[in-house]
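Chemist: Please arrange chains B and C with the ligand on chain A, whose structure you already have, making use of the hints.
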Amino acid sequence: MSSLAGIAVSVVAAPALPSGNAHAVLHEILTMLGQLADGQPGGAIDLRGLPLNNADFAILRDQLGRGEVSASVQAAGRLEILETAIPGVWWHTHYTHDGDIITEIIEITRFPDILASQHADISDGLSRLQQQLGKASGAKEESHV
Amino acid sequence: MNLLDFARGPGLQGALAIFLFGMTWRLAGILLLRRKTDFSVARTGDWWFGAFRLIVQRSLPRREFASATGYPLALSYLFHIGLVIILFGLNQHILLLRTYTGISWSNLPSGLVNLAAAVTAAAMVALLIRRLSHPVLRLISNFDDYFSWLVAFLPVATGMLAVAHLGGRYENLLAIHILSAELLLVWFPFGKLMHASLIFLSRGTSGALLTRKGAAI
Amino acid sequence: MSETLEQNLRSHGISRRAFLKYCTTLASLLALPPSAATAMAAALGKAQRPSVIWLSFQECTGCTESLTRSNSPSLEDLIFNSISLDYHETLQAAAGTAAEQARENAMREHYGKYILLVDGSIPLGHGGAYSTVAGVSNLDTLKKVAAGAAAVVAVGTCSSFGGLPMANPNPTGAVAVSDIITDKPVINVPGCPPIPVVITGMVAHFLTFGALPETDLHKRPKVFYGDTIHDRCYRRPFYDQGKFARTFDDEGARNGWCLYELGCKGPITYNSCATLKWNEGTSFPIQSGHGCLGCSEPGFWDKGSFYQPLSASTWHDIPALAIAAGAGVAVGAVAAVVSRHRQDSTSQSPTNGEK
Ligand code: SF4
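Heads up: the protein sequence lines correspond to chains A, B and C, in order.
Per numbering that gives the first Met the number 0, residue 0 is the first one in the first sequence, and the count goes up by one each step.
Per numbering that gives the first Met the number 0, residue 0 is the first one in the second sequence, and the count goes up by one each step.
Per numbering that gives the first Met the number 0, residue 0 is the first one in the third sequence, and the count goes up by one each step.
Honestly, I wouldn't trust all of these hints.
[Stated by the list, open to error] In silico lysine to aspartate or glutamate, EDC-like type, Cα no more than 20 Å apart, as pairs:
1) 276/C to 99/A
2) 143/C to 108/C
3) 218/C to 182/C
4) 45/C to 123/A
Everything labelled a hint here was simulated from the structure, so no lab data went into it.
Chain A extracted, bound-state conformation:
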């Protein structure tokens, strides 16, 4: 045994055929989008909790496509949010610190809540900015003297 490189390893991926669940998801999206169009709240679907295989994901991506908006949130790991080609349908992908996907959610909404600045964070930011400005102006005054 001189080196591991000498051992031929060929991993054959398990063949994945669509399970049919992708279409169930698409129909659920359709219903929720209809509600949103009527001015009611939309909803969200946790893709991770459903038995979807790679082929199903391919169908979903293919049918929903890519839209105009893409956003990236850096907060306790990365979160990518893409609007799909169907306006009102957003695709959230949560990553671990190592870049692995931990959650995928489809949200039906005009605008994902998580992107909006949160009140608590705003007031934190406010006091932070006040502090900074206070310090900065103080320093300026000192230099004038």
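Modeler: Chains B and C with the ligand only, in chain A's frame:
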């Protein structure tokens, strides 16, 4: 110890012990019997051939009765072949046999085994229906016939459920399947299932005797 | 002391948005609908800083390692380790009487409200003398600390089911937590070790809903122990086709075929390794080429070889079978002798003999 632990451990060991005890008991009891000395002059010397011939002949339908026996015979063949495919073709079974014999062989694709199981189960059910609906057959059937059918059918049915993960948690399905096979082992030497080991013996003996006497077979 | 969990997190530099995001993934892990994330965030945010006491008994520290050795600090790690954990013999800085004092304080301050996590089994043999801390037996410590706990989480297979210390012949008389604590909600999070997020998930669930999640017949949370490894195994298509690796380095093994023949216990093992995986989602045993040992199942340590296929027997005493066969021959021979005797006596009688 849960049900599966029992089935895989002491259950199987006990069932096998009873099976071997019963088999050797019955076979020794029959083989060690004194055969009556035949004082007649043998017509031909080809006893072995006669024995073999009758075994083959009786395994095929007689032309005169073909229309009457063709259906049950075909079904019986189907399910016997099916049982062999299941028992020796499924990897899980081969792995079990390997622990006792030390030998193994390559398994059949699961799809084929599943098909064999479905055909086997269907043929067995059809035969039971025939037994229940045929007036003469019903008259001559006793507890042994029905019970032997049941203990042979249960492993097939429970095995199919286990493979399909249907009707319960897998560890319980598997345990029930193994236990049903153990029931089969225990009953085997003492009921009509014993035909599996006696049928060729009795046919061969008759074939040899008849040939010796010069009777047409 | 009356600081809420959310305020506490913010003082650690965690934004409300990050917290919301954490609740979303946690809801997803706990198999709750996405809409539950908001409710969860509200409840968790308002919750008092949770107090967690961790007791270690007859164990190997693998469970603690599992929880703390994730490469990057995650939010649940932060909530758990830096904010809530008031007593943990292995992790705390304090030692000796100071450590014991810390536990007493945490117990007094949060009596009836703290969550007790236990790893390791409890030895009952020789009055519990096999394992003691500060001269107190594990049994006494457990009873005392559990008395003031709101809920008990048995972390790992040892505290859930007895584990390796209980292996035949169980020299220390080891038992599980649920064998001792019967008047409190106890949840088992078995695994050798358990998946980290499953441990923290229980704490989060308790804080959010004030109760432990729904459990199966072994007191395991159904969300993480509802499916077998085999149900979610990516090698399953090969199992279904009957394609098996026969050794660890044959063609089948290289092709990633099913490990059933090499002793995989995935079909009877309920856990989330196949979906959550290990080391930040890198891999899990079957993906690394080794069958599942069944470490989250009671009694996995005494079920025969890890490499014995599931369908093969665990008890094959060939000499005993030979004896059974020999006994059969003997009984058969006696039966034959008896009937020979009968044959002889009938043929001796002239009237019957020559018929
Ligand atoms: S490797 Fe194990 S869990 Fe995966 S399919 Fe095979 S038997 Fe099932």
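Chemist: Hint compliance check: list the failing hint numbers for this structure, sorted ascending.
Modeler: none
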